[in-house]
Amino acid sequence: MTLEKAYILLSLLVFLIGLLGVVIRKNLITILVSTEIMLNGVNLTLVTVDKYLGKVDGQIFALFILTVAAAEVAVGLGLIVSIFRLKGYEGSSEIVHLRD
Amino acid sequence: MEWLIFGVLAFWLLVSVLGAVLVKSPVHSILFFLSSVLSMAGIFLSLGAELLAGLQLIIYAVAIVVFYVLVITTIPWEKVKRFEGFYRKELFLGAPVVLAVFLLMGYMVLKGKLASPVGMAGENVRELGRTLFTSYLFPFEVASVILLVAMIGAILLGRKEE
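Here the protein sequences come in this chain order: L and Y. Under my numbering, think of the first position of the first sequence as 1334, with each following residue one higher. Under my numbering, think of the first position of the second sequence as 789, with each following residue one higher.
For reference, chain Y alone in the conformation it holds in the complex (with noise of 0.2 Å):
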């Protein structure tokens, strides 16, 4: 039953992921996208991370696919046809050595042994919640400034010019 929810979330991810990589016009692109993030969120689901999976939907399939379409529709049209698909050449020349490193990096894990587990964890929510706001809230503060900052930045960046 694992194997076969496995195999159907894998086929879409794969196949999403090709398409958004692959496939011609930008906004077509970030519909593949999206539906990648989708498929994401159910392999964290069936993964047993359900906080992880809603703030995936939250974050990435409401703001920041919006946010790509808002963007692409304030560019003018036909300068972005100007620059659709990809490059062939390059295309040619990066496959074999992204399929060589998936093989080598593959036969790593194949044959490499995971550490040993070290507990059971119980609610996923609760469990998570305690953890980053004991061990980990310095780094959790520290996010906070980076998104301050990402903020200014982006203001300062999309100001018109004086």
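If we strip away everything but chain L, and leave its shape as in the complex, we get (with noise of 0.2 Å):
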């Protein structure tokens, strides 16, 4: 098992940890950190392939993973914000709307 396995290993155990907050988590506010949580692990995949393979094509990918990051955060609180002012609660379990 060399370091590279290692570091892919430890990016697989973060990624699905972040998963499993968003299926178990009850405030939307948590849901969204998980949500990051689940890209930083992909993020660190990424690097370390990019070290393994001696280029830089993964970390443009992880910037852009960034980029992406930092909308996703502004969209996902500002509809979190808006549900919580039209409908008065923000728990995963009371938006169901779509589902009735």
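Nothing false has been slipped in among the hints.
Under the rule of at most 35 Å between Cα atoms (straight-line distance), these lysine-lysine pairs were calculated in the DSBU-like manner: (1) Y/K948 with L/K1420; (2) Y/K948 with L/K1359; (3) Y/K899 with L/K1338; (4) Y/K899 with Y/K877; (5) L/K1359 with L/K1338; (6) Y/K869 with Y/K812; (7) L/K1359 with Y/K812; (8) Y/K901 with L/K1338; (9) Y/K869 with Y/K948; (10) L/K1338 with Y/K812; (11) L/K1338 with Y/K877; (12) Y/K869 with L/K1420; (13) Y/K899 with L/K1388.
The hints are simulated quantities; they were obtained by calculation from the structure and are not laboratory data. Remember, it's a predicted structure, so these values are computed and weren't measured experimentally.
Two chains, two frames, a set of hints: combine them into the complex.
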């Protein structure tokens, strides 16, 4: 087991813990935090493989992921605040209007 | 030595990520997330991606975490109190599935072979800038459009209803 594989296993674990967080959390804000954790795990994989291959393309992908994460946070938090202002709740179990 | 650095940073990262997912209060969850961002920047530094480590600190640890804390302060606290923690049943159902997926993918990572290295990158920041502004110039411009659209969308969403 080389160091690169250990880093890839670590990033897998981080990604899966973030996925578990999306499934189990009650608060909408913490669900967004869990998606950030998933994006961080993907970034770690890209940078690790980049170090192994000796190129910089993966780091550029990670840079774009950072950009998309910033945009996602802006839009997602705006959505949460407007849901809260219109409906007055923010639990993930109460937003079922599309399901019903 | 490399394994020692890996062990310390990986332990820090896993503890803070698990804390961010499992801790009760949303503010504590965001603080654990801040800790995980710091350890991730350390991992990037140890992997030789200096520019990305700096950007991680600037964008995540400064912009995004502060934004989360600001949004939490605008929401009344007693309303946040109703929805904290996690669903216990979903945790007991989801954790074995996640563990099984991790074992499966970890087996594939350990058994599989990585691609062979192509070249040695020189100075990180210079190489990255050169590649970004030659091969990836068009995606770079598209990223600026994404940021602009997200900004307009956030303004529209955050506007007060007439």
